[in-house]
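Novice: Sequence:
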Amino acid sequence: MKFVVVRFLVTATMLLPIVFSLVATSRAADFPLPVFKSFSIEEGLSQVSVLDIAEDKDGYIWLATQSGIDRFDGNEFKHFGKWQETESDGLNTVTTFQIEPSLDKEYLWVGSIAGVSKFHIATETFEHFPISVSSKIKAGLIKRIKIDKSGNVWVISGRALYRFSTLLNKLVQVAVLDNVTSTLTDIVIDGNSHVWLSSTSGLYKLNSAFNTLELQQLAGTNLTLMALAADESLWIGSGSNGLCRYPLFASNDFSVSTCFDESRGLSSNDVLSVLFQRNDNIWIATSGGVNIIPAKEASEIVSLSVSQSKLANNYITSLYQTEAGAIVAGSRDNGFSIHNPVLSNFSTSAAIGNNISGIATHSDNALWLATEENLWHYNYHSGKVSGPYTSMIESEGKLSSNKLLTVHYDKQSDSVWLSTRAGLAKLNTASEQLDLVALKGKAGYTLNVDADGDVWYGGYSDGVFVYRPSENRVIRQWPISLTTRIVFENNESAWLASISGLYFANKFTGEIRNIGESNTNFPKDAVVTWVSRSIRGGYWIGTQANGIYFMAVEDNEISSVSFSQIEADSYLSNISVGAIIEDQENELWVSTTVGIAHIDSTLSSVSYFGAQNGVSEAGYYIGAAVKTTGDTIFMGSPKGLTRFKPTDIKQQPWSPKVNISHIEIINEQSSGSENLYPNTNIEELVLSSNNVSFSVEFAALDFTRANEVSYAYLLSGFDNKWRFTDHRRRAVTYTNLDPGNYTLIIRAMNKEKVWSPNEATLQIRIVPPWWDKPVWRSAIFLSAFLLLTLLVWWRIQTLKNRSVALAKMVEEKTKDLEDVVEKLTQLSSQDSLTGLKNRRYFTCRAHEAWDSYERYAQAFSLLIVDIDWFKRINDTYGHHVGDLILVKIAELLRTNLRNSDVICRWGGEEFLILLPELNVHECYWVGEKLRKAVEKTSFHCEGHDVNVTITAGIADIRESDSVEQCIHAADKRLYRGKVEGRNAVVK
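So the sequence shown is numbered by our numbering: it starts at 106 and just counts up by one.
Because the hints were derived from the structure by calculation, they are not lab data. Fair warning: there could be bad hints in the mix.
[Said to hold, decoys possible] No farther apart than 25 Å at their CA atoms in a straight line, the calculated lysine-lysine pairs in the DSS-like style are these:
| id | residue 1 | residue 2 |
| --- | --- | --- |
| 1 | K489 | K254 |
| 2 | K210 | K187 |
| 3 | K1037 | K1092 |
| 4 | K878 | K993 |
| 5 | K928 | K162 |
| 6 | K545 | K489 |
Go ahead and model the full structure; you've got the sequences and the hints to work with.
Specialist: In structure tokens form, the structure reads like this:
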């Protein structure tokens, strides 16, 4: 950060020596010199020689060159040269001399060495009209094209005068100059519709009755051009007399004239163009440069130098003023230049010199100005300049040059002090020389003188010194970095602006304090370039790339300092501040490295002024700014002195027109694209379904600040918010939009964030394909509806049929599943041999009976039955017979029981029976019943009659604490019956 600042501060005062130009007694020296912006082939111009200039109805600038005509929109050039495929797409020859718009500016008449061409701007097509020749009249280049107030097109070529006939659609010869050695040079039509022609042999007038040219005045004089002013005075240029004004031309009186030539300050007698500016200034283009006759000083001539005005070069061929007021100057060798007088509110002049690094007020009407080598006294009221006051100061045995940096006038002692590279200097009024009086070898940058007459001297690298002239000694020194500004708080203390921060120092105590280190609202590493007292109370602080601050000191206590940043988010916070001047209306004028900024009295709005406004494009020196008692502000720069009064600065509304310059459409069925605009002058862009995308290019016609313009665009009906772009990407593309109506809106904004009210709009209609039109859409919808209805009906029927089939299938599967479940249930609860319930099933039922017993006291008894000598039966008759015996006995037992009784096969030949609601005695009789039934039955099995008996044990649940205990009790009784002889029921 500090390296950049030192470079700005130091190199800004090490520029090349100036070329001194002084007009000390001329009031025109204070004329605000216009500043141009130049364009040539580097910016896209087709050829360097611009011979004529015009403007169309859309505000585009058209330029006639030696390679055709170019259209300029402030950003890009579009070139039209020699025709390629058909004669309508270009010129017959590329060298053009004249370009003149029609009254409605729909056409351009272009003059070349091959005749006249009519250019249709809307369609970008040409019509060509050759010059008719004869044995007496040879073809010549088109010298001039003029259009009168009735729309008649007049053309001069060689010795002949032509007029375009709309009836015959051709150029018709009107008259011929009799003098075969002379040629016509220019044409004007006066207020009475009389046609006047200048020639190399005098001034002629057309006799329309006989179609002859009659010599009127200035016989034998070589006249090069004519211009008719609004007051009907005629201005005539000649090679020998420069430019002369004939005020009585309306009465055909040429006896009175005022001439301007080289002896009067005209840059050259070779006058090539005259322009009557709308503010009554008169511009004169010559082969030696541009000259201005100010309206208020009609006897003075201001010549513009290329270096100061930034003109393309000195050989200016043509001048033109646009509808917006811009001045366009075409040159022979280096393109063209544009100046916008609407924006030029400031006056920057190098009449005294370049590199004004120091300014000090001397009196109500005078200033002291320090350039790199000289000191000047300038009376800005009278324009009188005294000086230069030079120096022969020696530094280290060598003459020091380019050393004057800052000047200060001390009114109390009537002394002029200067900081130089060699030390502290003072103006010796007796010798009119600058004497080095102290601090030799200590390069200084700034200084100030306090009420005691002590000189505070801010150096480059040696710190700040307090020098007392009365004692010729330094009484105080502080070793701080390069000091840029010194402002007194009182007789003993001062604020010191430095590249290392803002300091407060006391010359008596020697105390110095870095203010930024103890304040969080001010950057500690800020490079402070300016400090000044505000009429609001407090101080203005300027920095490099950290913006502007207002510093308030409460109750004069340095420890109670507060900072508030002004417009922290503005562009001003990104550039270096050179000076801050507060005018009588509490508004701020800030010099910077890129121009001048203005902050309104509310401190809420910032605007910027650049080279196009007349300020120095090289920026301004730090500290080189003052305000006089008359509220005139002066600022010093490497390009001279800028002067302005805040009340004279007019904030002109920024309102360039935004034009759509090109539209390109891409088709789906072809690989190429179609260029529509401006070939067809359309207000609505209609696209078909085959147009998959379109691109729109645009430009705001700000010819002097095009690179500072940014854009916003919105496609209404598609975009839900604005999109933004800059001057390098002035195009927008949309792809595959749905059919419908849209509006493309394009707006332009300048660097100050001001939107131009002249936005561009384009209506866009996307036509749907044939099948998307209402009739076909209805037919397609109806067909689709019928088809859909049929499909739905078919689907419903299919689903119904499938539903019936599925229901039948589900029913069958359900029945199969029930059978399987039933079989599984049987397998899980039934004995596979006897068909009785198995042990698992019985256990479950017994526990259910136990629950009923406990809850409802529903008692039950258990009867366990065992076949006597069953093993003997198996051993005697075989297991197969034994199994048959088990089956038959099981069936016999089951048939002799109640439906509510539960019987199961408990073991191999054992059966367990649950008898609900029966006590022991009742259970006994059931057991006896079963025993007797088995005993009296003879079982016939496999050819054998087998007699079988059973033994049973009985238990009552009321005698047990659980089902298991009850089963165990019945089993014990069964065992006892086996022991006692079998074939018995034991209770």
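Novice: Now look at each hint and say whether the structure bears it out.
Specialist: We went through each hint and held it up to the structure:
1. Straight-line distance between C-alpha atoms of K489 and K254 comes to about 48 Å, which puts the hinted pair past the 25 Å bound.
2. Taking the CA atoms of K210 and K187, the gap is about 22 Å. The hint holds against a cut of 25 Å.
3. A C-alpha spacing of about 16 Å is found between K1037 and K1092, which places the hinted pair at or below 25 Å, so the restraint holds.
4. Only pairs whose Cα atoms come within 25 Å are accepted, and K878 paired with K993 is rejected, the gap being roughly 92 Å.
5. Taken as a hint, the K928 and K162 pair is broken in the structure, with Cα atoms around 103 Å apart against an allowance of 25 Å.
6. Only pairs whose Cα atoms come within 25 Å are accepted, and K545 paired with K489 is rejected, the gap being roughly 33 Å.
Checked against the numbered hints given earlier, this structure breaks hints 1, 4, 5, 6; the rest are met.
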